[in-house]
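Enquirer: If you read the sequences in order, they're chains A and B.
Quick note: the first sequence, position 136, residue 136 per my numbering, numbers continuous.
Quick note: the second sequence, position 40, residue 40 per my numbering, numbers continuous.
The reader is advised that the hints may include incorrect statements.
[To be verified] Below, in silico cross-link-like pairs of lysine-lysine (DSBU-like), each with a Cα-Cα straight-line distance of 35 Å or less:
1. B/K318 x A/K80
2. B/K318 x A/K142
3. B/K161 x B/K99
4. B/K32 x A/K24
5. B/K99 x B/K238
6. A/K146 x B/K228
7. B/K281 x B/K4
Because the hints were derived from the structure by calculation, they are not lab data.
Predicted model, so just to flag it, every value in this text is computed and none were measured.
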Amino acid sequence: MSNETTLTVVEKKRKSLPIIIDQKRNAYLWESNRELKLKYMLSVEKIKRFFEGLAENKLLATKCEKCNELYFPPQSFCSKCLSNNMKWVELSKEGEIVTFTKIYVKPTSFSHYADYTIGIIRLKEGINVLAWISEKNVNKLKVGMKGRIEIVNREPENYLTYEIIPIEN
Amino acid sequence: MDRKVGIIGVGSSRFGIRNDVNFSELAFESFKQALDDSGIEAKDIEYYVVSNVGIWSSEELPAITLGESLNLVGKGSLRVEAACASGSAGVKTAYEMVKSGNADVVLVLGIEKMNESQTPNVVELIGRAGNYFWEFENFGLTFPGYYALYATAYMNEYQAKEEDLCKVAVKNHYYGARNPNAHFQKEVTIEDCMNSKYVAWPLKLLDSSPITDGSASIIVASEDYIRKNGIKEPVWIKSIGYSTDTSNLSKRSNFLSLRSTVEAAEIAYKKANLNKDEITKKIDVAEVHDCFTIAEILAYEDLGLFPRGEGIKALKDKQTYIGGKIPVNLSGGLKAKGHPIGATGVSMMVELTKQLKYKAEKQRQADIKNGIALAHNVGGTGHYAYVTILSLN
Numbered sequence: 001m002s003n004e005t006t007l008t009v010v011e012k013k014r015k016s017l018p019i020i021i022d023q024k025r026n027a028y029l030w031e032s033n034r035e036l037k038l039k040y041m042l043s044v045e046k047i048k049r050f051f052e053g054l055a056e057n058k059l060l061a062t063k064c065e066k067c068n069e070l071y072f073p074p075q076s077f078c079s080k081c082l083s084n085n086m087k088w089v090e091l092s093k094e095g096e097i098v099t100f101t102k103i104y105v106k107p108t109s110f111s112h113y114a115d116y117t118i119g120i121i122r123l124k125e126g127i128n129v130l131a132w133i134s135e136k137n138v139n140k141l142k143v144g145m146k147g148r149i150e151i152v153n154r155e156p157e158n159y160l161t162y163e164i165i166p167i168e169n
Numbered sequence: 001m002d003r004k005v006g007i008i009g010v011g012s013s014r015f016g017i018r019n020d021v022n023f024s025e026l027a028f029e030s031f032k033q034a035l036d037d038s039g040i041e042a043k044d045i046e047y048y049v050v051s052n053v054g055i056w057s058s059e060e061l062p063a064i065t066l067g068e069s070l071n072l073v074g075k076g077s078l079r080v081e082a083a084c085a086s087g088s089a090g091v092k093t094a095y096e097m098v099k100s101g102n103a104d105v106v107l108v109l110g111i112e113k114m115n116e117s118q119t120p121n122v123v124e125l126i127g128r129a130g131n132y133f134w135e136f137e138n139f140g141l142t143f144p145g146y147y148a149l150y151a152t153a154y155m156n157e158y159q160a161k162e163e164d165l166c167k168v169a170v171k172n173h174y175y176g177a178r179n180p181n182a183h184f185q186k187e188v189t190i191e192d193c194m195n196s197k198y199v200a201w202p203l204k205l206l207d208s209s210p211i212t213d214g215s216a217s218i219i220v221a222s223e224d225y226i227r228k229n230g231i232k233e234p235v236w237i238k239s240i241g242y243s244t245d246t247s248n249l250s251k252r253s254n255f256l257s258l259r260s261t262v263e264a265a266e267i268a269y270k271k272a273n274l275n276k277d278e279i280t281k282k283i284d285v286a287e288v289h290d291c292f293t294i295a296e297i298l299a300y301e302d303l304g305l306f307p308r309g310e311g312i313k314a315l316k317d318k319q320t321y322i323g324g325k326i327p328v329n330l331s332g333g334l335k336a337k338g339h340p341i342g343a344t345g346v347s348m349m350v351e352l353t354k355q356l357k358y359k360a361e362k363q364r365q366a367d368i369k370n371g372i373a374l375a376h377n378v379g380g381t382g383h384y385a386y387v388t389i390l391s392l393n
C-alpha cells in the first residue's frame with residue numbers, strides 16, 4: 001500500500017490534518033500552522049547624516065579625527081583607535097569597478113525585482129563601495145573599467161540609495 | 001596540561017533532502033554509528049557539542065532537543081555557530097576541552113535540517129550571512145553572489161573560463177557518485193555544468209553546493225583514556241588553525257584569495273610542524289571547502305597546495321584526483337556530498353578518519369603514505385576559516 005492511500009484514510013478519519021506528502025521521497029510532512037513574519041528595526045540614529053547626505057546628492061563617509069581612518073560604510077566610532085570623535089566627509093563618487101555579479105536566483109524579499117547586477121567599486125580615496133550596477137548586461141561590464149556612484153531612487157519602495165554607473169572608455 | 005586528543009569514533013547520516021526523518025532521527029543516524037565505532041557507551045560521554053546554524057529549522061535549542069533524544073540529559077553542552085564552519089568550530093571546542101584536561105571524552109555532533117524551510121527562504125537566509133544592512137537590505141546579495149564576486153575577479157586575473165570552474169564539479173561529482181552517503185551520487189560532464197542555469201553569474205547551478213540535510217558525529221578522547229581503555233587506531237588531531245575576515249566584503253583588499261584561509265593554514269601548519277612549501281608531500285589527502293567551484297580553486301592556492309593562479313591548471317592535469325599530486329574531496333565535497341551547514345566540518349573529520357584508516361569505499365580511497373590529512377572549512381565567504389590537521393601518529 002502506498003503512503004498516499006494510507007494518508008487518504010488518515011485524512012478521512014481526521015478530515016483536516018496539515019500533512020502533505022513528498023511524492024518523490026514518499027515521506028509525510030507536517031506543514032506547520034505557525035508562520036512568523038520578521039521585520040527588523042535598525043538604529044541609524046548615529047549615522048543619520050549619511051541619509052541626509054543622500055538627499056543632498058552626496059555620498060558621505062566618516063573619518064576619525066584622531067587617526068584619520070576613513071570609514072565606508074560610515075560608522076560613529078573608530079574601530080582602530082577606539083575614538084568616537086568622527087567627522088563627516090564627502091566621497092568623490094569616482095573609481096574603478098573591482099568585481100561584479102548578476103543575481104538570477106533571488107531571495108524571497110527581492111523576488112519582485114528584475115535580475116540585478118551587483119558590483120564593488122574602488123573609489124579614488126581607496127575605499128570600496130558595494131552597490132547595484134545600472135548596467136544589467138554582464139557582457140558589457142569589465143573588471144577594471146571606470147565607474148561612478150549616483151544617488152538614485154529605489155523603486156517600487158521609493159527610497160534613496162546609491163548605484164554604480166559604469167563609464168565606457 | 002597539554003594532552004594529545006584522538007578521534008575514537010565517527011559516523012555520518014545519509015546526506016540529501018531528508019524529508020523521511022525529523023531532527024532527532026537525523027542526528028540518531030550519525031550518533032549511533034559514532035558510538036558503535038568507538039566502542040564506548042553514551043554514559044561515558046562527559047560533554048557534547050552541537051554544531052548547528054539552524055535558522056531554517058524549527059528547533060531553537062538543538063543541543064537540548066538532541067540531549068533528550070540521545071540520552072545525554074545532565075551532561076554539559078552548548079550549540080556552536082560559525083556559519084558554514086560551525087562543524088570545525090565545534091571540533092575546536094571539544095579539542096580544547098580534552099587537550100586542557102577538562103574532559104576525557106567529548107562528542108561533537110554537527111547537524112543541519114535545511115529543507116524544513118522553503119528553498120527561496122533558505123536562499124534569503126544564507127544571503128543574509130554577510131553584512132545585513134549594507135549588503136543584504138539594500139542590494140540583496142545571495143550566498144552564490146558573494147562567491148561570484150570572487151569568481152569574476154579570479155577569472156579576470158588569471159584568464160580562467162567558466163569551463164575551468166566546472167572541472168571542480170566534474171571531479172567532485174565523480175567521487176560523490178562513489179560515496180553512498182552523498183546527496184548527489186551522479187557524475188556530471190563539463191557540458192552538463194555549462195548548460196545549467198545561472199544562479200549568480202558567472203556561477204551556475206552545477207557550480208553550487210546543494211541545500212542539504214545531514215548529520216555527522218565524532219567522539220574525541222584524551223590519550224590517557226585511549227590507552228587505559230585499549231582503544232585501537234585513534235586518529236590524532238595534530239593541530240587546528242583559525243582566523244576570521246570582515247563582515248562587509250567591500251572592506252577586503254582583493255577578491256583573489258580568502259585571507260582567513262591563508263592565516264588559518266599558517267597556524268595549523270606551524271603547530272603541526274609542517275612546511276607550507278612542501279605541504280603536498282606531507283599530506284596524503286585533503287577535504288577542502290568547495291561550497292562553490294571557485295571556492296575549491298581558491299582553497300588550492302590559499303592552502304599552498306598549488307601556486308597562485310595555477311589552481312585551474314592543477315584541475316586540467318587532474319592533480320587533485322587519486323594518483324595526482326594531492327587528492328582533494330574524495331567524499332564528493334560540499335558540491336556533491338552536500339553541505340548541511342553545521343554538519344559539514346564534522347563530516348570532513350569523519351571522511352578523513354575513514355581515509356586514513358583505509359575505510360573509504362575502494363574506488364575513492366586515497367593512498368596513505370605519511371598518515372596525514374587536512375580539513376579546510378570556511379564559514380560564510382571567508383568570514384571564518386578553520387584548518388585541521390589529522391594524523392595516524
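Enquirer: Next step is simple, just say for each hint if it's right about the structure.
Expert: Hints, one by one, checked against the model:
no., hint, verdict
1, B/K318 x A/K80, "45 Å, violated"
2, B/K318 x A/K142, "30 Å, holds"
3, B/K161 x B/K99, "45 Å, violated"
4, B/K32 x A/K24, "27 Å, holds"
5, B/K99 x B/K238, "11 Å, holds"
6, A/K146 x B/K228, "67 Å, violated"
7, B/K281 x B/K4, "24 Å, holds"
The earlier numbered hints that this structure contradicts are 1, 3 and 6.
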